[in-house]
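Undergrad: Top line first, the protein sequences correspond to chains F and C.
Take 1 as the starting number for the first sequence in our numbering and just add one per residue.
Take 1001 as the starting number for the second sequence in our numbering and just add one per residue.
Worth flagging that the hints you see were computed from the coordinates, not collected in a lab.
A quick note: this is a predicted structure, and the numbers were derived from the prediction, not measured.
Quick reminder that beta carbons are idealized off the backbone N, C-alpha and C, glycines included.
A few of these clues could be false.
As the list claims (entries may be wrong) - Facing chain C, a subset of chain F residues (Cβ under 7 Å, in silico): (1) Gly-62; (2) Val-65; (3) Ile-68; (4) Arg-69; (5) Gly-70; (6) Ala-74; (7) Arg-77; (8) Gln-78; (9) Pro-102.
To be verified - So these bits of chain C aren't anywhere near chain F, every CB distance computed over 12 Å: (10) Val-1030; (11) Ser-1032; (12) Leu-1072; (13) Glu-1074; (14) Thr-1081; (15) Leu-1140; (16) Ala-1177; (17) Gly-1220; (18) Ala-1225; (19) Leu-1251.
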Amino acid sequence: MINFERVSKRYEHRDALRDVSVEIAAGEMVFLTGHSGAGKSTMLRLLMLLDRASSGRLLVNGNDVATIRGARIAKYRQDFGIVFQDHRLLFDRSIFDNVALPLEIAGFHPRDIGRRVRAALDKVGLLGRESANPVVLSGGEQQRVGIARAVVARPKILVADEPTGNLDPGLSAEIMGLFDAFHRVGVTVIVASHDLALISRLRHRIITLKEGRLIGGVGS
Amino acid sequence: MGQRPALVSWADHHRKAASQSLQQLIAEPVQSFLTCLAVGVALALPAVLWAFLQNVEVVAGNIQTSARFTLLLEQDVSLETAQLMAAELETRSDIELVEAIDRRDALARFAEEVGFSELVDNLHNNPLPNSLQLHPGTSLTVSELDDLADALVALSGVEQVVFDTQWQARLQAAITASQRLTLGVGVLMVLGAVLILGNTVRLGIEARREEITVIKLIGGGDGFARRPLLYAGLWSGSAGGFFGAVLVALLFWFVSPPAERLFDLYGLDRRFIGLGLPGMLILTAVGGLAGLVSAWSTALIHLRRAQPR
Chain F
1 MINFERVSKR
11 YEHRDALRDV
21 SVEIAAGEMV
31 FLTGHSGAGK
41 STMLRLLMLL
51 DRASSGRLLV
61 NGNDVATIRG
71 ARIAKYRQDF
81 GIVFQDHRLL
91 FDRSIFDNVA
101 LPLEIAGFHP
111 RDIGRRVRAA
121 LDKVGLLGRE
131 SANPVVLSGG
141 EQQRVGIARA
151 VVARPKILVA
161 DEPTGNLDPG
171 LSAEIMGLFD
181 AFHRVGVTVI
191 VASHDLALIS
201 RLRHRIITLK
211 EGRLIGGVGS
Chain C
1001 MGQRPALVSW
1011 ADHHRKAASQ
1021 SLQQLIAEPV
1031 QSFLTCLAVG
1041 VALALPAVLW
1051 AFLQNVEVVA
1061 GNIQTSARFT
1071 LLLEQDVSLE
1081 TAQLMAAELE
1091 TRSDIELVEA
1101 IDRRDALARF
1111 AEEVGFSELV
1121 DNLHNNPLPN
1131 SLQLHPGTSL
1141 TVSELDDLAD
1151 ALVALSGVEQ
1161 VVFDTQWQAR
1171 LQAAITASQR
1181 LTLGVGVLMV
1191 LGAVLILGNT
1201 VRLGIEARRE
1211 EITVIKLIGG
1221 GDGFARRPLL
1231 YAGLWSGSAG
1241 GFFGAVLVAL
1251 LFWFVSPPAE
1261 RLFDLYGLDR
1271 RFIGLGLPGM
1281 LILTAVGGLA
1291 GLVSAWSTAL
1301 IHLRRAQPR
């Protein structure tokens, strides 16, 4: 489903990715790991079209993403659910409106939006809190709202960049459990994390990067 | 179930963006009021000039109708001939009324006006010719009056045509120049309104930067991110235009009594022309359009910069 073919990314003064080739199958769950600056975030940025590869090809569903430009970028991103380290919730609106945002963008009927938002909040254990402002939630709860927003439109691919970076071990395991649950219902899940102790317990492929090079987890 | 036709969800989002941006304006009443007032003041000035010119043109039109020619005939043209000429000229479509003046009457009137009646009595020969007094059609323009003057000079028996079209040409030129000035001031002021609104929209983008970034990250297009901004511009602009219309109405309420007294003194049975309801609606629409244009261009510049990191 996702195919990095000899991808390199060079920023002004350093190589963020060097000659990375890796394939991620549909429905698979993989972890991206490595020290900070190893290239985890760069891989995700290339995948989300926040940056373009300096050389090599990135294929998603068989299409070279280099051909996706302009207004089609937004449409492409709608196939993904994204979870950020700092969750990036909007504090000027309710939890419901935060989670509903991807559905509004995709153009769902208000009735369907209500149903789906409640279903997503139910999955992350926050049903009944939808009218509250996310600012009143704890860090772990805020991240769960972020996950609800990422999955509410039932994306094919779920991408998370250090989703447990700001959480204590107990909450982190809980969050990883949620990702595992989405993987089990068929979603392709890619989680960047440097928490090796946590991710090695979950028995999924671990793709390891070091200074922009792939040093482990190439084959599945 | 699920996703709906693009047009339906697009209309839905328009409705939502429209109401949300209106609520945001109302949530900041002082800020919104000041912005709208600034736009209103900017739009009021050209509107006042425009309405003022409408009134000047009405007055000028009335003055123009009082124009008349005096045709001084050659010395050997008799009064009978003059009367025949008068009757003939009156058949022309661009002439309303022609009156033959006896040279003796003219001399008597001159003597009376100047106060040298004794001196005039002592004259052996009347130096004045018979003459025709001619009122042109009221709807003639300055250039048509000039044409008429040329035609009259060419008539046989006419020595001289006395008619000063120059002051009318000057008045016309002054009005034309003022119209251009109004147009120019109008364009400048609308541009000013666009800039004022553009700054407001820019502040709105700054305040909503995180929202715009998140929208883009999760697959919202520029159109989706821009829509609330466009509505914010439309609302502030329309409200500004309406404020401008109210300001102009207040100003005219203040000015119209002395202006109507002035008309009265000129013998004109005219009411002072204000903006009227259509004018107020146009001003509101101009404000709204300025708001849209400014939001569109500001969003175009600043949304590019709000690329997600």
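Undergrad: Hint validation: Gly-70/F versus chain C, beta carbon distance must be below 7 Å. Holds or violated?
TA: Gly-70/F check fails; min Cβ-Cβ to chain C is 9 Å, beyond 7 Å.
Undergrad: Verify that the Cβ of Leu-1072/C lies farther than 12 Å from every Cβ atom of chain F, and report whether the claim holds or is violated.
TA: holds (80 Å)
Undergrad: Confirm or reject the statement that Ala-1177/C sits farther than 12 Å, beta carbon to beta carbon, from all of chain F.
TA: With a cut-off of 12 Å, Ala-1177/C remains clear of chain F, as the shortest Cβ separation is near 49 Å.
Undergrad: Since Leu-1251/C was said not to touch the interface, does its Cβ keep a gap of more than 12 Å from each Cβ of chain F?
TA: holds (40 Å)
Undergrad: Was the hint right that Ile-68/F lines chain C, CB cutoff 7 Å?
TA: It is violated, given that the least Cβ distance between Ile-68/F and chain C is near 12 Å, above 7 Å.
Undergrad: Would the least Cβ to Cβ distance between Gly-1220/C and chain F come out above 12 Å?
TA: Incorrect as stated: the minimum Cβ-Cβ distance to chain F is 4 Å, not above 12 Å.
Undergrad: Does the CB of Gln-78/F sit less than 7 Å away from some CB of chain C?
TA: Because about 4 Å separates Gln-78/F from the closest Cβ in chain C, which is inside the 7 Å limit, the hint holds.
Undergrad: Please check whether the beta-carbon of Ser-1032/C is more than 12 Å away from every beta-carbon in chain F.
TA: Holds, because the least Cβ-Cβ distance between Ser-1032/C and chain F comes to about 17 Å, which exceeds 12 Å.
Undergrad: Going by Cβ atoms only, is Ala-74/F closer than 7 Å to chain C?
TA: With a minimum Cβ separation of about 4 Å from chain C (threshold 7 Å), the hint on Ala-74/F holds.
Undergrad: Is Glu-1074/C truly not at the interface, in the sense that its beta carbon sits beyond 12 Å from all beta carbons of chain F?
TA: Non-interface label on Glu-1074/C holds, nearest chain F Cβ at 84 Å vs cutoff 12 Å.
Undergrad: Please verify that hint: Gly-62/F, Cβ, nearest Cβ of chain C, below 7 Å or not.
TA: Hint violated; Gly-62/F Cβ to chain C Cβ min 20 Å, cut 7 Å.
Undergrad: Should the interface hint for Arg-77/F be scored as holding, given a Cβ-Cβ cut-off of 7 Å against chain C?
TA: With a closest approach of 4 Å, the Arg-77/F hint holds.
Taken one by one, the earlier hints fail for this structure at numbers 1, 2, 3, 4, 5, 17, 18, listed in ascending order.
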